[in-house]
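Engineer: These are the residues of each chain, in order.
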Amino acid sequence: MKILRNYLNKIKPNFEEGGKLHAFRSVFDGMETFLFVPNDTAKSGVNIHDAIDSKRIMSLVVIALVPALLVGMYNIGYQNYMAAGIDGTWYQMFLYGLLAMLPKIVVSYLVGLGIEFVVAQFKGEEIHEGFLVSGLLIPMIVPVGCPLWILAIATAFSVIFAKEVFGGTGMNIVNVALIARAFIFFAYPSVISGDTVWVATDSIFGLGADLPDGYTCATALQFVANGSEITGATGAALCPIDMLTGLMPGSIGETSVIAIALGAILLLWTGVASWKTMLSVFVGGIAMSLLFQYTLPENSVAQVPFWQHLILGGFCFGAVFMATDPVTSARTETGKYIYGFGIGAMAILIRVLNPGYPEGMMLAILLMNVVAPFIDYCVVQSNVNARARRLTKKN
Amino acid sequence: MAELFSKKNKEALNTPLLKNNPVTVQVLGICSALAVTSKLEPAIVMGLSVTIIVSMANVIISLIRNTIPNRIRIIIQLVVVAALVTMVSEVLKAFAYDVSVQLSVYIGLIITNCILMGRLEAFAMQNGPWASFLDGIGNGVGYAAILVIVAIVRELFGSGALLGIQVIPQALYDAGYINNGLMLMAPMAFFLIACIIWVQRAKDKSLQE
Chain A
0 MKILRNYLNK IKPNFEEGGK LHAFRSVFDG METFLFVPND TAKSGVNIHD AIDSKRIMSL
60 VVIALVPALL VGMYNIGYQN YMAAGIDGTW YQMFLYGLLA MLPKIVVSYL VGLGIEFVVA
120 QFKGEEIHEG FLVSGLLIPM IVPVGCPLWI LAIATAFSVI FAKEVFGGTG MNIVNVALIA
180 RAFIFFAYPS VISGDTVWVA TDSIFGLGAD LPDGYTCATA LQFVANGSEI TGATGAALCP
240 IDMLTGLMPG SIGETSVIAI ALGAILLLWT GVASWKTMLS VFVGGIAMSL LFQYTLPENS
300 VAQVPFWQHL ILGGFCFGAV FMATDPVTSA RTETGKYIYG FGIGAMAILI RVLNPGYPEG
360 MMLAILLMNV VAPFIDYCVV QSNVNARARR LTKKN
Chain B
0 MAELFSKKNK EALNTPLLKN NPVTVQVLGI CSALAVTSKL EPAIVMGLSV TIIVSMANVI
60 ISLIRNTIPN RIRIIIQLVV VAALVTMVSE VLKAFAYDVS VQLSVYIGLI ITNCILMGRL
120 EAFAMQNGPW ASFLDGIGNG VGYAAILVIV AIVRELFGSG ALLGIQVIPQ ALYDAGYINN
180 GLMLMAPMAF FLIACIIWVQ RAKDKSLQE
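Heads up: the sequence lines are chains A and B, in that order.
Sequential numbering from 0 applies to the first sequence in numbering that gives the first Met the number 0.
Sequential numbering from 0 applies to the second sequence in numbering that gives the first Met the number 0.
Because the hints were derived from the structure by calculation, they are not lab data.
Zero decoy hints are in this set.
Straight line, CA to CA, 30 angstroms or less: simulated DSS-like cross-link-like pairs of lysine-lysine: (1) LYS18(B) / LYS38(B); (2) LYS122(A) / LYS202(B); (3) LYS122(A) / LYS18(B).
Let the hints inform the model, and build the full structure from the sequences given.
Structural biologist: Here it is in structure tokens:
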């Protein structure tokens, strides 16, 4: 640590006014504050300073994402080997997944951070750290068959239009990673829905196998929407254990409930994510699916047991990593319950009532992101009114 | 002749093109700019129709501006515009039937286009016919220019074509290129118009609030 600090101190003058590398000052500043908590203190006003700043919070979320990422990588390889019908050791499968996933992560970070660095340099501001999490989330919520150039366009679109135009990190109204996904969803529907993109079809450096042209495999929710039995890459039926461990086709990071739960424990234990939001998303989902189960006996999606609704698709991933985003969720404590409940309920509502969209989590979270400020306003206003009433009663 | 293009008249023609563009600065006529710009051809026809109607209506209203009773001036303006719109609509149906089908109700809805009422109220009611004519041409072309820019981007990236002729080579599609479906939806027109406004305001400091 000491060596790193000394090294940074040594190269720092190069980046200051008049230094050789002044043009890259925002890059240096971003790296320095990422590695070490900055020593700056506020110059005016009274401030309460938390020991943990936003770069540290972002790093915690990235750590929480790691289990889901690792299982997702393993699952990419597992699905390819299963679909090809060949045997492979677990590390071959993992390596295959790693090689399939790595370009996506690199592209997402390169494009997103590139735009952030340019904007920061242009405006003469510090680099915002928000993309640290978004950059990892974006490749995790797309299918493995999503081409890199589409990922790059979507990332650029979401960073510019969902974040920078609103003023950068902490100012965005809607979740940046989900805007990237929504962009792909509406602009290039063929690479994010349908039944050809969920299993990797090419061999990489001799690992895995080339699947025959025309190989198809739908996600669990698409089978549910069609009213057929849920099957995996080989065509065999999936059991609930597969749904929990995540060894089934789906977006890369969303499949494994167990890995997501590990991340959730870390987020809740450190207090980064709000348990109120997380809990109420699940409560909303359960309430809505139970309601549909009894009111719509003919609808095949409505007849899926409520626990299966929660472990299929992106429900868990959205509830743990997307809904709890402190920037876009409701800020008031009561508001968090309403906000979370709305997400869970809307997700199931879209799944059940719109046959065109087998998965509703993305649109549900985006919708509630937009509504969140209104929820906060209502909560604050009702509190103001309640206190005003109490005051007049006393007098 | 020098009088015909006096400084004031030139201004009436020039300012709506950029500095006071009806779409990007006054933010009028957005509805049709979203609706007809997914292809280039209807956008050009729409821009042309609006240019003709707004300049003709401006001239007519300007000619009778001193005899219009103040209380019923909006009704009279509407009658004039409606008559012109009906004529343009009939001409399109007779000579460019396919485009008029694509434009469907939006030709008829030119009546409600805020640019028209805005120009009639703000300019033609106070100025002579020649200046009003130039003002109408300027506003119509300013509107049409934005429509055409948006339509070029939308058709090029949404359908890979311009005026229905494929521009993006087939080899690119074979290499895995896919048309952007979002370009064909109205929301993308919003983003594009926003980008144009963004560029314009960044360049022209006097427009910044």
